[in-house]
Structures are given as structure tokens and as C-alpha cells.
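Engineer: Each chain, letter by letter, is given below.
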Amino acid sequence: MKMRKITALLCAVTMTLGLVACGSGTETESTTQTTETEASDADLTGTVSMAGSTSMEKLANATAESFMAKYPGVTVTAEFTGSSAGVEAVTAGSVDIGNASRALKDAEKEAGIVENIVAIDGIAVVVDPANTVVDLTKEQLISVYTGETKNWSELGGADAPIVVVGREASSGTRSAFEELLEIEDACVYASELDSTGAVIAKVAATPGAIGYVSLDAINETVVAVSLEGVAANAENIKAGNYFLSRPFVMATKGGISEQSEAVQAYFEYLASEEGKEVIAAVGLIIAD
Amino acid sequence: MDNKQIHTIIGSRKNKSAVEKAAQGIFTLCAFIAVLAVASITVYMIINGAPALFKVGVKDILFETQWRPSAENASFGILWVILTSVIGTVLAVILGVPMGVFTAVFLAETAPKKMAAVVRPAVELLAGIPSVIYGLLGLMILNPFMYKLELAVFENSKSHQFTGGANLLSAVIVLAVMILPTVINISESAIRAVPDSLRAASLALGASHMQTIFKVVLPAAKSGIVTAVVLGVGRAIGEAMAITLVSGSSVNAPLPFNSVRFLTTAIVAEMGYASGLHRQVLFTIGLVLFAFIMLINISLTRILKKGENGNA
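Protein chains in written order, with the working numbering: chain A, 5 to 292; chain B, 13 to 324.
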């Protein structure tokens, strides 16, 4: 009986201590929060609504989350309906920002929509390090991925079969790759892997393999081939010479300065160091 | 401290019956958690898997071969996927069961004690190895080997798509090794359960040791061995992690050197980014897999019942 009482007492003491600790914890948190908000001068309230490209889902969600953490008064909502639908929505005025994972068409620009490129998505084509082919043309790449070209000797390499590696359906990288080459759902894959890392590992381990990954994922175990003589790197992509890339556009009706304060703050955030970090973290190249 | 004594020795009847009832209640509750889990999984799978069946059409899902979930005119045919799972499992069983049963015979009948002392722990270890390790080994060792074989077999083929060794055969071999421990352990206990009088009678009639094993012991242990096979099938058809690494994961006809996708890997591969109808169809694939497992379990219960009747 004595033992039990002591245990109970101990329990009670621990619990009380725990409560006290919790209490003080919350207090400190709330204080820091207030100071932060004051620092970023955001008594800013309002909403930012976006709609558009499914490929930009990661970018939109990541930046929206970190933005809302910084400006608790602003609510950012994002829908993913497709690039064209997004631009239509912003033209109609039903959302603040239309997300498009392509350059705007002239007709869209004529309707008063402004193209704000916030990031660039680049895809590298990788082969195993022993491969002697270092450059591919767009046509060659298409014929490899549609299964017409099956041997590296047809591309000026050694006499070895091509092992076509790709990502699973519904992967953003895959849809971007296939869209840019205009071979949607016409690809014949030998391996469909469910992550960038798996594609790199497979290509590195299989002689004669070819795969595609986000530009930032390349490491020394694989070799990124140049396309049409243009090396796969951030400079070439920014200069617009590398064809396996696409701009991520957050289109607005009229310039950014004509937007609501919340929307302006959102674009400012994207251009800030903090925002750039978030953009880079989702594997994108920062536009200048 | 005295409390306890009072409780057990004098033990007012009220107290005692309360304890009894409480214990019984706790046991019943625990038992029902398992039932609840099975029931809720069943309901959940049907609720989530069935709608897509009707939206896409039963025939278009189960009997079509085009799997293009994110195309503009999406098609969700999983016939190749189902056939891959069935054929892959059957081949793995054909490969793994004889090996497993013979190992069991070795352990139970012919092994010298020292040898058995090496083999049995090895089998037990094999059972404990996580499936992802099988997959990794398959990826590092089996796939390069398979690629060499593929290069040799299809040396002059213009139409074959080279897979780099990630194909149905690799998956079958990995599965065959994975079902070994199940088959060995259950067959061994079945063989050990055969009464010695049968063996003695057979030997006394002049049959050799091997004749006794094949004509008397194995037939007598038949129901146990069938159980082992069915459990092996269950393990093989439900395996995902190991084969997702070695099978290539493209939807193709289940031919030995094709990159293939199983029911399990189809779900694993695409759940990450799937949305809308695509996601629902993945649940339908889960439902199909669930149906297969149920079928296997039901047949297992049947066999076990039959075995009991046969022995009685």
C-alpha cells in the first residue's frame, strides 16, 4: 500500500511539473510569434487565390505554406486545374493568380495577362557513365523514348541495347518530359520507377540505360547528356537554350503593382531570399 | 499487502465474480478488436474500390490491357497486372515448393544431426529477413545477371525491349526464395506428424528409405504440404517491397523477359501522386488483391477442414 501511495505521489508531481513546463513553453512561443509578426510588419490581412497547373502543385503548396507561416493574416488557396484553365480563371477575374507551366500565349497576353516567371523547371537526360554518347538531338530522344531506336549504335555509340527508364504515370517530371517532347503516353518504358533517386540508381547500375530526372538531382554516378549541343545546367536553362525546360508562370491580370496588397506581398516573398530557398527546395531553378 | 489475502481466501463471492466477469470482458474485447479490424478493412476496401469499377466499367478495368491513368483519354485496364500476379505467383510456387518440400524431407527424415543443426537455423533466419533486403539483393545481384542472360537470349532480336534485367523472371526467383521458409517449416511439421508406425510398416514390407518417403510419408503428410503451398501462395501474391525493386514496374504482358507490374507494385508505384479517378482505380486494384487473398484463405480453411476429417 505504501508503495502505491508513493508511486501515486510521484505521478502527481511529474504531471504537475509537466503542466508547468507546457505552460511556460506556450508562453515563450506566443511571444516570439508576436515579435516576428511585428518585424515583418504584417498586420497584413487578405486572401491570395491561385488556380492552374498541376505541375506547379509542389511549388504552389510549398510557397503558400511558408508564406502563410510568415503572414498569419493572409490565406492562400490553390487549386490545380491545368495551365490553360488557370489562365482563363485569372482572365475572368475569379482568382488572383493563374498558374501556368508554360509561356503565355500571345492571345492571353493581349487579354491583359502579365507573365511573371517565378521559377524554371529543368529536366536532365542521364546515361550511365560508361556510355560514349554525350549528345542527343530532340528527334533522337523522341525516337528512343517511343521505342523506335533500340540500340546505342544507331546514335553513334557502342553496340548495346538501350534500356529506357522513366517515372511512373502521374509523376510531374514524367508529364513535363513527355509534354515537352510531345510524346504524351506514347513512351515505351522498360522500367517505370517511383522516385528520382530510383531512376538515378537504376541508370547508374545498368549499362546502356537512359533516364530523365530533375536537373537538381544529378550526381556523379550518372552523366547528363547535352541536348542539341547544349549542356544541361542552370545557365543554359535561364538563357533559354536548353529545350527540356519550361517556365513556371504565375500570371496576373495587369502588373504586380496593380494587385491587392496580399498578392503583392506574395510576389515579394517569392523574390526574397527566403522564398528563393523554398523554390530551390522543391527542385526548381530560380528565374532572374 | 493484506488486501490480496482477503481477496483470495475469504473472497466475498461478489468480488470474485466481478473479477471473473471483468477478465472475461477484457478477453472478449480483445478478440473483437481483430474481428473489428477485418470487418472495417473489408468494408473500407469495398467502399473505396467499388466506385471506380462502376465509373470505368468492370470490363474496362478487369479485361483491358491498356494502363494509361494520366492520359487525356485515360484507360485503366489491369488485365496484364492481374495476369502478372497470377503467373508470377504460380511460377514462384512451381520453383519454390519442390525445393521447400525436399528441404523439409531432408530436415525431418534424412539429415544427419549436425547438418540439420546448420540448415534449420538458416531456414529460420531466412524467414526473418525483411523483404526489402531480398529486393536489394535481387537488384544488385540478380538483375545484372538477368541482363546478361537477356542479352544472350535476345542477341539478334530487333523487336525486344531490353529491360536491364528487371523482369518477370527476376521477380519470380525472388518470390520463390521468399516463400521457402513458409513452405519448409509447415511441410516439416506435417512430415514429422506422420506416425512412425507407417514408416516402420513400409520398411518392414521391404520398401527402401526413399520409397517410404515418396510413397508413404509424403502422401500421409499431403494436407499439411498443401497448406504450406497455399500459405506460400498467399505470401507470394501479397509481397510488394521486394518485387517492386526487381520487376521493372512497367505494365506489360507477363512474359519471362518483360518488365512487369504486379497488383501490389501497381499500388505502391503510383499512390504517391495519383489523384481523382486514378486514385480510386488504385483502390480497386487493392480490392482485387484483397479478393485473391480472401480466396486463398477460404481454400486454406477448406483444406484444413478436409485434413481434419481425413485424419479422424
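Hints are computed from structural coordinates only; laboratory data are not their basis.
Take these hints with a grain of salt, some might be off.
As the list claims (entries may be wrong) - In silico DSSO-like cross-links for lysine-lysine, where the CA-CA straight-line distance does not exceed 30 Å:
hint: 1; chain 1: A; residue 1: Lys-280; chain 2: A; residue 2: Lys-154
hint: 2; chain 1: A; residue 1: Lys-154; chain 2: B; residue 2: Lys-160
hint: 3; chain 1: A; residue 1: Lys-257; chain 2: A; residue 2: Lys-74
hint: 4; chain 1: A; residue 1: Lys-280; chain 2: A; residue 2: Lys-74
hint: 5; chain 1: A; residue 1: Lys-142; chain 2: B; residue 2: Lys-170
hint: 6; chain 1: A; residue 1: Lys-142; chain 2: A; residue 2: Lys-109
hint: 7; chain 1: A; residue 1: Lys-242; chain 2: A; residue 2: Lys-257
hint: 8; chain 1: A; residue 1: Lys-109; chain 2: A; residue 2: Lys-242
hint: 9; chain 1: A; residue 1: Lys-62; chain 2: B; residue 2: Lys-67
hint: 10; chain 1: A; residue 1: Lys-257; chain 2: A; residue 2: Lys-142
hint: 11; chain 1: A; residue 1: Lys-257; chain 2: A; residue 2: Lys-154
hint: 12; chain 1: B; residue 1: Lys-170; chain 2: A; residue 2: Lys-154
Unchecked claim - Computed spacing ranges between beta-carbons, pair by pair:
hint: 13; chain 1: B; residue 1: Ala-303; chain 2: A; residue 2: Asn-155; range: 25 to 31 Å
hint: 14; chain 1: A; residue 1: Val-138; chain 2: B; residue 2: Ala-164; range: 25 to 31 Å
hint: 15; chain 1: A; residue 1: Thr-95; chain 2: B; residue 2: Val-50; range: 34 to 40 Å
hint: 16; chain 1: A; residue 1: Ala-96; chain 2: B; residue 2: Leu-148; range: 48 to 54 Å
hint: 17; chain 1: A; residue 1: Glu-183; chain 2: B; residue 2: Leu-95; range: 54 to 60 Å
hint: 18; chain 1: A; residue 1: Glu-278; chain 2: B; residue 2: Ile-145; range: 38 to 44 Å
hint: 19; chain 1: B; residue 1: Thr-77; chain 2: A; residue 2: Glu-183; range: 23 to 29 Å
hint: 20; chain 1: A; residue 1: Glu-272; chain 2: B; residue 2: Pro-156; range: 50 to 56 Å
Glycine included, each C-beta is placed from N, C-alpha and C at the ideal position.
Engineer: Against the structure shown, which of the earlier numbered hints fail to hold, in ascending order?
Structural biologist: The structure conflicts with hints 1, 10, 11, 13, 15 and 17, although it agrees with all the remaining ones.
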